[in-house]
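Asks: Residue numbers (the UniProt record's numbering), protein chains in the order written: chain Y, 1 to 742; chain P, 1 to 342.
Treat each hint with caution, since some may be false.
What the hints assert, rightly or not - Listing some non-contacts, in silico: residues in chain P with all C-beta distances to chain Y over 12 Å: (1) Ser99; (2) Thr136; (3) Ser143; (4) Gly325.
Claimed, not checked - Footprint (simulated), chain Y over chain P, 3 or more residues, beta carbon under 8 Å: (5) 144–153; (6) 312–323.
Claimed, not checked - Within a straight-line C-alpha distance of at most 27 Å, the following computed DSSO-like cross-link-like pairs (lysine-lysine) qualify: (7) Y:Lys332 x P:Lys20; (8) Y:Lys543 x P:Lys260; (9) P:Lys7 x P:Lys126; (10) P:Lys20 x P:Lys7; (11) Y:Lys332 x P:Lys296; (12) P:Lys296 x P:Lys260; (13) P:Lys137 x P:Lys20; (14) Y:Lys569 x P:Lys260.
By construction, these hints were calculated from the structure, which means they are not laboratory data. C-beta: ideal position from N, C-alpha, C; glycine also.
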Amino acid sequence: MAGVRIRVRGQVQGVGFRPFIWQLARKLGVTGCVLNDPEGVLIEAFGPTDTLPDLIRAKAPPLARIDAIEVSPLTAEAPQDFTIAASQGTGAETRVTPDAATCPDCLREIRDPEDRRHGYAFANCTHCGPRFTILNALPYDRGQTTMAPFIMCPDCAAEYANPADRRFHAQPVACPACGPKLWIEPPHDAPLDEAAARLRHGEILAIKGLGGFHLACDARNEGAIALLRERKHRPAKPFALMGTLEMIRQHATPSEAEVALLQDPAAPIVLIRGTGGLPPNIAPDQNTLGWMLPYTPLHHLLLDAFGAPLVMTSGNLSGEPQVIGNDEAREKLAPFADAFLMHDRDIARRLDDSVERITPHGPMILRRARGRVPGTLPLPEGFADAPQTVAYGGQMKAAICLIKNGQALLGHHLGELDEALTWEAFQQADRDYADLFDHKPQVVAVDLHPDFRASRHGAARAEAEGLALEEVQHHHAHLAACMGENLWPLDGGKVAGIILDGTGLGADGTVWGGELLLGDYTGFERMAWLRPAPLIGGDMAAKEPWRNALARLDQAGLQAKADALFGDKPLGMARMAVERGLNAPLSSSAGRLFEAVAAALGICPDRQSYEGEAAMTLEALAQPTSAPPYSFARTGSEIDPAPLWQRIQDDLDRGTPLSTISIRFHAGLAQQFAQAAVQLVHSGQAQAIALSGGCFQSEVLLGLTLHYIGTQAPVLIHTKTPANDGGLALGQALVAAARHLG
Amino acid sequence: MNMMRLKQDTVTLAHGGGGKAMRDLIESVFTSVFQPDGMEDQARLMDAALQEPGARLAFTTDSFVVDPVEFPGGDIGKIAVCGTVNDLAVGGAKPLWLSAAFIIEEGTEIALLRRIVESMRIEAEKAGVRIVTGDTKVVGRGSADKVFITTSGVGVIPAGRTLSAGRIQEGDVAIVNGVLGDHGAAILAARGDMMLSTDIQSDCQGLGHLMQAVCQAADVRACRDATRGGVASALNEMADACGLAIEIEETALPLRTEVKGVCEILGLDPLYLANEGTLVLFVPEDEAEAALAAMKSTEAGQGACIIGRAKKGPAGQVTMRTLFGGARIVDMLVGEQLPRIC
Ligand SMILES: [Fe+3]
Ligand SMILES: [Mg+2]
Ligand SMILES: [Zn+2]
Ligand SMILES: [Zn+2]
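With the rest of the complex left out, here is chain Y (with noise of 0.2 Å):
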């Protein structure tokens, strides 16, 4: 008899697939089989099949990503009944998604006084709930998660069992009867309620969540928010908030598509403009704030016992990673948490709150963890047949790529590498996702940096396990980013990269990071940059933005007004440092310029109390103007930011606000480099001009470069993964494949 073969590709196992193809078929009347292979998931269908490819898509389950639905003849008996046949080949049964916010069925029964998961705060199905961050070992099942202690009882058994459940094969499936308890330290009869009494005393609590543990306040409560900071000393970084939408709703106007980004199932933490009523020292300097929406149950309950929006701010020792077994939280959170909320389900793998905007050019992915990981990505046209390669990216906002069968799979946000819990996670990384891709790499890709902890790592892999090593210049590496999460096709031509940047070593050993390069995956030239001034100091000239400024200043021939500004430092030895090339290397860096006008502005500490502080009170100022970009002096191939300080001046001395001040530098810049890399299009020399570095985190500077850029050129910017360092080794993992391909 004639049927059909239906081949879904994407994220399309672990996600309740099968049943749902299982009621599909039974409701049209449709007998067949589905399974789940190593390429996704197979259907043979026989009977009235013809809208079967449409209702696929149409009505796919929630955590569902359809990449491709195939459709082909078949001739065979047709069965009985439709069943869901046993997984075939290696590499099936194998995936795990993103862990997934509770869905809106779960969190009406823990609602439902009749329900018997009333009040309880784990409760999941396979539409929602923990994932990636209870599993030990693959395959995933719950034998190999941190779930496997917990026995089924008859009933959650049954649903477990059941294809026209909701909790068919949901490996986390749990109840108040057989699942993880609940419980708060110091004990309590009512954990819950006694969180939220403590909460309103204005205690710190610390709360086991679900990829670590999180230090939580009274958002409204200026006191306790300023003790959560001076225990973690943590003076001025912005802290997240947990809110339900009604109360995001009191504070902020969030557009529709913030408001689905909150509701996205991987429920990020999203910057949104407004922090009224709210407490000045939750983001200080800043006219954003990170929401995000309880996530799982038992945040759902916190919130409804304690009415009132959260700071949740990750649990960890300054510099460390959050915080994930119960021991480790009672021993090291002991200083900040008043009382600890725990529960006896283990977290097998740390992972960060993710966090997003939405800025009027699209989404943007600032920290990629929890949600977003282990999904794919897509790899562009020409990439099908790259070898197996892994990418170790940077050492700040570490992550891994690994490449393979036309996917890529960037692992999540780790952290900074020298820090040495981040580094054995990194450790655990490299072996989890090798895992979980079933991963066997013929090229190893790391930075040109020989002292990144990651590019040392990847050596030593190629060489112990005789791999091919390649060496990706840190801007090139962010060009390829940007392109490859455009699907920019391997033989699309090249690209003008404007590649805004803190600091990354450059093919000619200096050091780069306001770059304008030209070039495909495989290779690339540099076609301009910002004139390079010391960095004071070295690293240390990341931390205090004032060595920039007069790095700057100095170059300009402006010395008095650096001795004006900061007289009260040690410049004799910061200009004997840079005469003497003592630990003052050149750089072309276009994040410590962002540090040094915000230093000579006055509006940035002496050193900077988190990464991008100055930047970001630089951007957050920024209003528009009707006056000009400032213009910066063009020497050749250098873009020489020396003019800036004068005109800065002139405008502080006529009294010119700094909102101005600030915008106009910013479309300074932008202009600058918006039009070199016109000129390449123009030309005929580049395709489509592409946006990437850490400094597009700013959503002011994206904005004007793209002013500039106009309709006058295709422009690639990234809106999956991050511009910083966190989308690296993307671009690395595509350079390496390429030169492979090539």
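Using the hints provided, position chain P with the ligands relative to the given structure of chain Y.
Replies: Then chain P with the ligands, alone, in the frame of chain Y:
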């Protein structure tokens, strides 16, 4: 052998020519000060310690190149003696004899040479070693920077004393004899001319007496001279060799405020600054008090203190627990420090 016999103020190529000028230089500047036994090119050595059953000979060599050759707290001569004495001492040996070979740039002031040689004499005397043989060469302008010195040293390790990083065990404590980074900071300051109003002195000193004292008081498992690459490199070498992790405490590190200040301004990590009289050694935890007391009874051990311990963990990994509790990995420096912050 009096100083009058040298007519020139500076060293000329003729002083390296092998003739009378050279002999005059050697006698006037070197042998008159060091006074080796006899005038042979070859030293013939004897010491009672060599006769002890089980005693072993220790032998080391090192070349010294310092810019500037004179700096607050010392000069290249002092370093050349202390460095080799310390190489012997930290291996558990009692230093006895040194050789000294000089490569001198044409045009170097004789007066400078005399000062260097005199400080070598003083330091050797303090350390209880004799400079018994040597050599000089003169090279043209620009072929060397004033003076380069190579010293070799011979000492005796008493029977039963085996210092080796492989002996470090979990729980052993790491002790330093005093403040870190003074030498490196003093050199930087001296190079920076007037800019530094600080008076940081090099820590350049011999550690022979200190080592004899502490080895008698405690079972010193292993010891390293924290010279180039600083305490960070010494600890990394030891961690690699013992296959354990080593954790130090930021708050326990003895640092002079001035050194901290200079490091901060220049963006340098004092853990990597060179020392010329600082060692780090490991003893069992229950012998730490005795070791500290013995060290403090010597001039070079006044600032002795515990900075960390060996523990279970990734083999060869050195970490520093920071002020607020995180643990930072303290790596061996690969090359020149390049900025890493993106
Ligand atoms: Fe970067
Ligand atoms: Mg040596
Ligand atoms: Zn659900
Ligand atoms: Zn149950």
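Asks: Give a verdict on every hint.
Replies: Hint-by-hint comparison with the structure:
With 12 Å as the threshold on Cβ separation, the claim that Ser99 of chain P sits away from chain Y holds: the shortest Cβ distance comes to roughly 35 Å. At roughly 32 Å, the least C-beta separation between Thr136 of chain P and chain Y is larger than 12 Å, which holds for a residue marked as non-interface. Distance check for Ser143 of chain P against chain Y: the nearest CB is about 23 Å away, which clears 12 Å, and the non-interface claim stands. With a least CB separation of 4 Å from chain Y, Gly325 of chain P falls inside the 12 Å interface cut-off, contrary to its annotation.
Proximity of the region 144–153 of chain P to chain Y, defined as three or more residues with a beta carbon under 8 Å from a beta carbon of that chain, is not established by the 0 residues found. Evaluation of the coverage hint for the region 312–323 of chain P: fulfilled, as 4 residues show C-beta separations to chain Y shorter than 8 Å, against a requirement of three. Between Lys332 of chain Y and Lys20 of chain P, the direct Cα distance comes to roughly 74 Å. Violation of the 27 Å bound is thereby established for this hinted pair. Proximity of Lys543 of chain Y to Lys260 of chain P is assessed by CA-CA distance (about 16 Å); at most 27 Å being required, the pair is judged to hold.
Of the supplied pair hints, the one linking Lys7 of chain P and Lys126 of chain P is violated, its CA atoms being roughly 32 Å apart against a limit of 27 Å. For the proposed pair Lys20 of chain P and Lys7 of chain P, the alpha carbon gap of about 12 Å is at most 27 Å, so the pair holds. Of the supplied pair hints, the one linking Lys332 of chain Y and Lys296 of chain P is violated, its CA atoms being roughly 36 Å apart against a limit of 27 Å. Taking the CA atoms of Lys296 of chain P and Lys260 of chain P, the gap is about 24 Å. The hint holds against a cut of 27 Å.
For the given pair, Lys137 of chain P sits about 14 Å from Lys20 of chain P by alpha-carbon distance, which is consistent with the 27 Å threshold. Straight-line distance between C-alpha atoms of Lys569 of chain Y and Lys260 of chain P comes to about 15 Å, which keeps the hinted pair within the 27 Å bound.
Consistency note: the structure conflicts with the earlier hints numbered 4, 5, 7, 9, 11.
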